[in-house]
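The listed protein sequences derive, respectively, from chains U and C. Under my numbering, the first residue of the first sequence is numbered 1, with each subsequent residue one higher. Under my numbering, the first residue of the second sequence is numbered 1, with each subsequent residue one higher.
Hints listed in this document are in silico derivations from the structure and should not be mistaken for laboratory results. Treat the hints with caution; some may be incorrect.
Said to hold, decoys possible - The calculated label-pair distances, taken between Cβ atoms and stated as ranges, are:
#, chain 1, residue 1, chain 2, residue 2, range
1, U, Lys-219, C, Lys-169, 26 to 32 Å
2, U, Lys-394, C, Gly-234, 44 to 50 Å
3, C, Arg-215, U, Val-194, 53 to 59 Å
4, C, Asp-167, U, Lys-422, 41 to 47 Å
5, C, Lys-60, U, Gly-423, 40 to 46 Å
6, C, Lys-149, U, Asn-257, 25 to 31 Å
7, C, Pro-67, U, Phe-419, 34 to 40 Å
8, U, Lys-358, C, Asp-173, 39 to 45 Å
Stated by the list, open to error - Residues on chain C that point at chain U, a partial pick, calculated with CB under 10 Å:
#, residue
9, Leu-6
10, Ala-158
11, Ala-218
Said to hold, decoys possible - Covered, in the sense of this in silico footprint (three residues per stretch, anywhere, with C-beta under 8 Å from a C-beta of chain U), are these stretches of chain C:
#, segment
12, 161 to 174
13, 222 to 228
For each residue, glycine too, the CB sits at the ideal point set by N, CA and C.
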Amino acid sequence: MAGLNGDPFLGIDDNIEKLQYNNNSKEGIDKEGLVVGIGEDSSNNKNNNQGGEKDMAGNSIHRSGSRPQLDLSKAEIQGNSEERDPTILLPNQTDDISHLALDIGGSLIKLVYFSRREDQSVDDKRKKTVKERLGISNGNRRNFPVLGGRLHFVKFETSKLNECLDFISSKQLHRGGIDSHHWNSEAPANENAVIKATGGGAYKFADLFKERLGVSIDKEDEMDCLVAGANFLLKAIRHEAFTHMEGHKEFVQIDHNDLFPYLLVNIGSGVSIIKVDGDGKFQRVSGTNVGGGTYWGLGRLLTKCNSFDELLELSQRGDNRTIDMLVGDIYGGMDYSKIGLSASTIASSFGKAISDKKELQDYRPEDISLSLLRMISYNIGQISYLNALRFGLKRIFFGGFFIRGHAYTMDTISFAVHFWSKGEAQAMFLRHEGFLGAVGAFMSYQKHGLDDLMVHHLVERFPMGAPYTGGKIHGPPLGDLNEKASIMEFCLTNMRQFMLYSISWMEKFVLKGTEITAPVPMAPPGTTGLGGFEVPSSRGATLRSDASALNVGVLHLVPTLEVFPLLADPKMYVI
Amino acid sequence: MANICLQATGGGAYKFADLFKEKLSVSLDKEDEMECLVTGANFLLKAVHQEAFTYLDGQKEFAQIDPNDLYPYLLVNIGSGVSMIKVDGDGKFERVSGTSLGGGTFWGLGRLLTKCKNFDELLELSHQGNNRVIDMLVGDIYGGTDYAKIGLSATTIASSFGKAISDNKELVDYKPEDISRSLLRMISNNIGQISYLNALRFGLKRIFFAGFFIRGHAYTMDTISVAVNFWSKGEAEAMFLRHEGFLGALGAFMSYEKQCPDGLTVNKVPQRFPISVSSAGNKIYCSMNGKSNGNESIECTVYGT
């Protein structure tokens, strides 16, 4: 297998430093001689590294000063092209930071957690079962001790809070994670454990968390977190924001000096519309109660769908003209051109359903779903635009899990903004749409040290199948949508050579045609990601008609060139 | 037989022109809908004594409209769909906005969800409804408390129909009254909000709501008024018209003056009220006792040549 550095598919920049990977080593060593916790060969998988640094050195390694620092420098995205909860690698994270932040909303719980290293083999089986049962995938399970870790993103339904609690408990996230050197199964739970949470549920479920996990919730303001999360993602991740019109997606280059002000529209159960003027400078100027919860709730009542995704899926095959009253229906097939309304403009959503010739069961659920989707998307687009206009804002960023990368939704919202603004304003979407609050809450652990935060451009890593040239994403999704493949796994298990990416991007990742020849280790679906070696069959994988090939990778922090302190005592390391 | 010509506006003037010809041997003289709405509104506001009123906290109060201080204003006509028109003078207007979430939406969704037979039945149901069963309130998300920091009380609706996502209940488990009320609230709030955003945009303080969505229904008017009051922080005022749904027809009626093969002319109704009745043509009676009912009529004069 060719080394990654030479791999034509990756088209890596020449500037990329190469990581020399010692044959039997468990870590990669970059050219500066730094030990970078990358992981190990699959052959060495059965290792007994417990608790990260502690095992390596036999004693805990804690380099920080009085307060653990969050080092987001060189954070980069990593993950499967279709992965919806892409992990972020933070290779510079040396201190033991708190591991978990939550955004508990009306319908969904969004979770961001940090793992220093992958889960241990000893408890693998047990945890694997728990996760399999919960259907939660966990990225790769390689061990890589020491430096760095990952930010993972998971979501649960608020009504299934117990699953979330189980998840946290099984990974011991509330105690700093099973990989932390603090963790010791025999040690008593830390009574003063605090986790950051935002959203209404931070208040509503505070007692439950105390009871079930023994942690206190440190409540962060929802708006603060949304804005902090959005600002971070927009500044730190290169390809976070994109436009999506008429099926065409295009990433937007955000100039840091020209980011503010902008309008942030978070579409959750309800909608919040926030004018953002700077870091920590914002005002919630509006909102609407016709949001994602309305779509889901009305949709459920009308179509008996069991989930939001099912409802969205239905809409793809719908035809709203059976249900919506169009201008043409009122005007006998003609436009009302005098006021600029074409015959196909919707005059009244669900207007045809007043007819007493048909009952609910006579309508196709697909049509109902589409009408609902259009109604709500147009409405949100319109209200967002009216508010942008009010404050002279040209850019509107849409976040929240209503959109979830659904092409038609984005097109509809874009169209509405375009229509009402006569092309003046632009709708933009965020790849980590639903996790803004959780990211903001996670970052609030470091609220005091925010100035010290070095947020470099984030490097996004994609496994094969996500050609990503010049900011445009092409190509079919990589295999099964649920599979999580990380470039890290790819590197680890296939390569002797290991690439260390500096600030140059993986954007040169090119897919030749639709074929991927390098096998990418994939987690068998439904498991926790103990890499197998499936060759992703990108050929023939048909793109869902609504899938906009949204590639959300894991955020990786690329290791810096700072001398790795552990090297001070090399004999402590197993080489 | 003389060719009878009728003024008609709305989409049906185009859509059903042939049918009128066929069944009644009349030609429809098509008038622009927006123009008729505005003409009708201007006429009513200037000519009819107690046409416009506010409705807040269950209190109806007629507004004294000074004809010299009428313009500009925002006219929001809530029919199947909604048109929002900025009116600057007689015949001077611009349709600035609209929304597809209107009366048709309420009726259509309501019919699908409750099996009501007509709009009035649906409205009737909403009287006894409790929207908290179906709507997700701020308090539901925040564990009973307000989100005071951003000015949302615990009873503010965070997400209409947000509770219906629960898989513990099916459609049949919800009371049609609650569904109707939630729907009404959702549509009324939304219209109130968009109306206000447009009024703000053009610096308009008065918003007149027309169209048959409201039909004098107290809860509807209250909801719209509260929405406008909330979003405008008391700056803007929601007003309603007693002849809410007839603006277009009135406007079309007024347009006879402009052209008619028979030479029938209609003088603009004098501004004082009540107006004397002439025997030349149609006589319509009006009961001005302050109570609004569906059979109101306006006395006016129609002169035939």
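| request: Check the following: the C-beta atoms of Asp-167 of chain C and Lys-422 of chain U are separated by a distance inside 41 to 47 Å. | output: holds (43 Å)
| request: Take a look at whether the Cβ-Cβ distance between Arg-215 of chain C and Val-194 of chain U falls inside 53 to 59 Å. | output: Holds, since Arg-215 of chain C and Val-194 of chain U (Cβ atoms, about 56 Å apart) stay within the stated range.
| query | Is the distance from the Cβ of Lys-358 of chain U to the Cβ of Asp-173 of chain C consistent with 39 to 45 Å? | reply | Once the Cβ atoms are compared, 23 Å apart, the range 39 to 45 Å for Asp-173 of chain C and Lys-358 of chain U is violated.
| said: Does the beta carbon distance between Lys-60 of chain C and Gly-423 of chain U stay inside 40 to 46 Å, or does it fall outside? | reply: Cβ of Lys-60 of chain C to Cβ of Gly-423 of chain U: about 43 Å, so the range 40 to 46 Å holds.
| message | Under 8 Å between beta-carbons, do enough residues of the segment 222 to 228 of chain C, three at least, approach chain U for the coverage claim to hold? | response | violated (count 0)
| task | Evaluate the given range 26 to 32 Å for the C-beta pair formed by Lys-219 of chain U and Lys-169 of chain C. | result | Distance hint for Lys-219 of chain U, Lys-169 of chain C holds at roughly 30 Å.
| query | Should the hint that Leu-6 of chain C touches chain U count as held when the rule is a Cβ pair under 10 Å? | reply | violated (17 Å)
| query | So does Lys-394 of chain U sit 44 to 50 Å from Gly-234 of chain C, Cβ to Cβ? | reply | Because 30 Å falls outside the window, the suggested range is violated.
| field | Cβ separation of Pro-67 of chain C and Phe-419 of chain U, checked against the hinted range 34 to 40 Å | value | Since the Cβ atoms of Pro-67 of chain C and Phe-419 of chain U sit about 36 Å apart, the hinted range of 34 to 40 Å holds.
| Coverage of the segment 161 to 174 of chain C by chain U (three or more Cβ within 8 Å) | Answer holds; 10 residues pass the 8 Å Cβ test.
| chain U contact restraint for Ala-158 of chain C - C-beta distance below 10 Å | With a closest approach of 4 Å, the Ala-158 of chain C hint holds.
| query | If you take the shortest Cβ to Cβ gap from Ala-218 of chain C to chain U, is it below 10 Å? | reply | violated (21 Å)
Of the hints listed earlier, those the structure fails to meet are numbers 2, 8, 9, 11, 13, in rising order.
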